Amino acid sequence: MVEIVVLIKQVPDTNAKIEIKDGKADLSMIKWITSPYDEYALEIALQHKEAIGGTVTALTLGPARCDKILKDAKALGVDNIARIDVDEDYLDSFSVQSMLAQACKSLGAGMIYCGKAAADTNAGSTGPGVAEKLGWPSIANVTHVDFGESSLELMQPSSEGQAKMEVNLPVVVTCDKGMGEPRRANVKGIMMAKRAIVDLMDVENVEGNTSVLGHASPPAKPPGKSFEGSEHVPTVVKLLRDEANVI
Amino acid sequence: MSEIIILAEVINNTLKESTAEIVSAASSLGDSLTLIVPGTSPESAAGIASTYEGIRSVIALQDDCFANFDSAAWCEAISSIAPEGHLLTSSSAIGKELAARLAVSRNSTIIQDVIKIDGQNITHPIYSGKAHQTVVLNGPSVMTIRSNIFKPTGKGGNASISNVNTSSNLRASLKEMVAKASERLDVSEADIIISGGRGMGSPSNFDKLYGIADKLGAAVGASRAAVDTWDEIPHSMQVGQTGKTVNPSLYIAVGISGAIQHLAGMRTSKYIVAINKDGTAPIFRHADYGIIATWEEALPILEQELGALLG
Ligand SMILES: Cc1cc2nc3c(=O)[nH]c(=O)nc-3n(C[C@H](O)[C@H](O)[C@H](O)COP(=O)(O)OP(=O)(O)OC[C@H]3O[C@@H](n4cnc5c(N)ncnc54)[C@H](O)[C@@H]3O)c2cc1C
Ligand SMILES: Nc1ncnc2c1ncn2[C@@H]1O[C@H](COP(=O)(O)O)[C@@H](O)[C@H]1O
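Chains A and B, in that order, give the protein sequences.
If you count the first sequence from 1, position 128 lands on 248 in my numbering, and the numbers rise without skipping.
If you count the second sequence from 1, position 28 lands on 31 in my numbering, and the numbers rise without skipping.
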């Protein structure tokens, strides 16, 4: 029976406006959601279990507010939910990945799914980083998985088209959209999730080697030029050539 | 002074031009620059790389694993020969994945999509570009460098080249390449992109965009509304929060309203052109050049003008 771990992260609602206060992003009024690609990761993990068997644990690293996304995952049908408790402060990638890898190890993970990139960092670092920490292979941006007992066949974009890859477990797979719309919770699931208990993982704290200096709003673009009517298309083409030098 | 290592972006043994931008970014961190050129036969790419200004030495890294991308194998090859110090590479999809692994294997932090280097202060976008974050380095790091931000370094250098062979273990195997339906350029590879949204009315109208893309050597992208509405428009074309993040020199948005999730994928484009019939569409607030018109009127003129200009 394979232990499947899904890494999920709570991020600011993608519609939220990010205000900068005293040189830092002010997230006090933000609505928090499960990072969109992590919903695909959860969906693929549940399909994996349905196809082959196994248990699915949703794991997050974050402060207590993150229990919300774990309960949401529980309502979808994961077996266990676990959190590495850290405070709101910034953690750099090295500490996040080291701690997630430790927790995956102590959960006995034989298969890890995560999002291809988190909506806040847009980095795509965590999956391959955790894999390297564990000494596992990783396959990124996966759009389709055929599940086997000890190996997977996956589809992944490449510069020439779609590549069909084969890889043996254990492996980290980072998930893109593709395996169908993520399922929604039903009433029974939601009731069950209410009573679910979050397993607080005990892992060794790992220091990173960066610290945050501050945040800033991106410099405002100078206002553009607007033209009413298609007769101005030639003017814009001329500007693209002479002013912007891009064609 | 510690060493700065640059991992060149090499595809099929050809050095990508963007490497010159990474060299320039690396120069602002220090002046002892080593450039690693990976490949199955990296000699000629290494020859070109040795002419970049500011490079002290080039390592041509030969390994058969570089025939197909396998992040674990590539990481094994590169970490076995890369000296200590900061390591910089490209923020392409492959670059970012590989860099994430390299960072862990070097016990350092990864900073993706770097747009500014000021001493030990490194700036990169977060929250889909809605803010910039500056971090301070307290130790060696791995960084990927956004394209179209740093001015490429010049040629005229003459660095020494050393050849190294490794043979790393492949961890995943390529079963087959499922060729793309068309030979078209992918949005994540293109320097010019023209994208269509729901305002295109039907998927067959995307032919108008392909006609213009052919003239410009551009890729065709789409909004999520277009991808979700029409089966003919695949998700691989989607630009935005849940699609691809692109950073071309020129992005032309046609019949796209400019929702925040679409902007998340393209707002850092160097120049943005919007064609939309609704002058109040949010996309116009981000466009360098806006044309308030229907695409039915505007695109034929655009195609004709480009034809006259570019042949
Ligand atoms: C979690 C989440 C993730 C998302 N991720 C993405 C993403 O990755 N990418 C993305 O694009 N969206 C994404 N969205 C959806 C996004 O919010 C918008 O719904 C979507 O971008 C709208 O696409 P559109 O501009 O093509 O369509 P619409 O908003 O319907 O706009 C169509 C535009 O076409 C114009 N138009 C109509 N007819 C013509 C004509 N004849 N000529 C010229 N103009 C015309 C209209 O004036 C209008 O402005 C996401 C949403 C959520 C909630
Ligand atoms: N703090 C975290 N807790 C759990 N999973 C995470 C965390 N950070 C990142 N991940 C996972 O890694 C993916 C990529 O994140 P990133 O590397 O930040 O782009 C996310 O989509 C999550 O699946």
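Among the hints, erroneous ones may be present.
As the list claims (entries may be wrong) - EDC-like cross-link-like pairs, simulated, lysine to aspartate or glutamate; straight-line CA separation at most 20 Å: (1) A:LYS358 - B:ASP281; (2) A:LYS308 - A:ASP187; (3) A:LYS345 - B:ASP281; (4) B:LYS178 - A:GLU286; (5) B:LYS280 - A:GLU348; (6) B:LYS19 - B:GLU179; (7) B:LYS178 - A:GLU348; (8) B:LYS218 - A:GLU348; (9) A:LYS284 - B:GLU179; (10) A:LYS358 - B:GLU192.
Stated by the list, open to error - Pair by pair, the computed Cβ-Cβ distance ranges are: (11) A:GLY298 - B:ASP281: 24 to 34 Å; (12) B:ASP281 - A:THR355: 39 to 49 Å; (13) B:LYS158 - A:THR355: 28 to 38 Å; (14) B:ASP281 - A:SER271: 23 to 33 Å; (15) A:ASP319 - B:ASN166: 47 to 57 Å; (16) B:ASP217 - A:ASN365: 17 to 27 Å; (17) A:ASN135 - B:SER170: 17 to 27 Å; (18) B:THR283 - A:ASP133: 20 to 30 Å; (19) A:LYS345 - B:GLY314: 24 to 34 Å; (20) A:LYS358 - B:GLU20: 25 to 35 Å; (21) A:LYS314 - B:PRO155: 50 to 60 Å; (22) A:LYS345 - B:LEU312: 39 to 49 Å; (23) A:ASN306 - B:GLN123: 20 to 30 Å; (24) A:GLU280 - B:LYS280: 32 to 42 Å.
Said to hold, decoys possible - One-sided excerpt, in silico: chain B residues whose CB lies under 8 Å from chain A: (25) TYR130; (26) GLY132; (27) LYS273.
To be clear, the hints were calculated from the coordinates, so they are not data collected in a lab.
Remember, it's a predicted structure, so these values are computed and weren't measured experimentally.
Every residue gets a Cβ at the ideal spot worked out from N, C-alpha and C, and that includes glycine.
Evaluated hints:
{"no.": "1", "hint": "A:LYS358 - B:ASP281", "in the structure": "violated (23 Å)"}
{"no.": "2", "hint": "A:LYS308 - A:ASP187", "in the structure": "holds (19 Å)"}
{"no.": "3", "hint": "A:LYS345 - B:ASP281", "in the structure": "holds (15 Å)"}
{"no.": "4", "hint": "B:LYS178 - A:GLU286", "in the structure": "holds (6 Å)"}
{"no.": "5", "hint": "B:LYS280 - A:GLU348", "in the structure": "holds (9 Å)"}
{"no.": "6", "hint": "B:LYS19 - B:GLU179", "in the structure": "violated (25 Å)"}
{"no.": "7", "hint": "B:LYS178 - A:GLU348", "in the structure": "violated (52 Å)"}
{"no.": "8", "hint": "B:LYS218 - A:GLU348", "in the structure": "violated (25 Å)"}
{"no.": "9", "hint": "A:LYS284 - B:GLU179", "in the structure": "holds (5 Å)"}
{"no.": "10", "hint": "A:LYS358 - B:GLU192", "in the structure": "violated (25 Å)"}
{"no.": "11", "hint": "A:GLY298 - B:ASP281: 24 to 34 Å", "in the structure": "holds (32 Å)"}
{"no.": "12", "hint": "B:ASP281 - A:THR355: 39 to 49 Å", "in the structure": "violated (20 Å)"}
{"no.": "13", "hint": "B:LYS158 - A:THR355: 28 to 38 Å", "in the structure": "holds (37 Å)"}
{"no.": "14", "hint": "B:ASP281 - A:SER271: 23 to 33 Å", "in the structure": "violated (51 Å)"}
{"no.": "15", "hint": "A:ASP319 - B:ASN166: 47 to 57 Å", "in the structure": "holds (52 Å)"}
{"no.": "16", "hint": "B:ASP217 - A:ASN365: 17 to 27 Å", "in the structure": "holds (21 Å)"}
{"no.": "17", "hint": "A:ASN135 - B:SER170: 17 to 27 Å", "in the structure": "violated (49 Å)"}
{"no.": "18", "hint": "B:THR283 - A:ASP133: 20 to 30 Å", "in the structure": "holds (24 Å)"}
{"no.": "19", "hint": "A:LYS345 - B:GLY314: 24 to 34 Å", "in the structure": "holds (27 Å)"}
{"no.": "20", "hint": "A:LYS358 - B:GLU20: 25 to 35 Å", "in the structure": "holds (27 Å)"}
{"no.": "21", "hint": "A:LYS314 - B:PRO155: 50 to 60 Å", "in the structure": "holds (57 Å)"}
{"no.": "22", "hint": "A:LYS345 - B:LEU312: 39 to 49 Å", "in the structure": "violated (19 Å)"}
{"no.": "23", "hint": "A:ASN306 - B:GLN123: 20 to 30 Å", "in the structure": "violated (52 Å)"}
{"no.": "24", "hint": "A:GLU280 - B:LYS280: 32 to 42 Å", "in the structure": "holds (37 Å)"}
{"no.": "25", "hint": "TYR130", "in the structure": "holds (5 Å)"}
{"no.": "26", "hint": "GLY132", "in the structure": "holds (6 Å)"}
{"no.": "27", "hint": "LYS273", "in the structure": "holds (7 Å)"}
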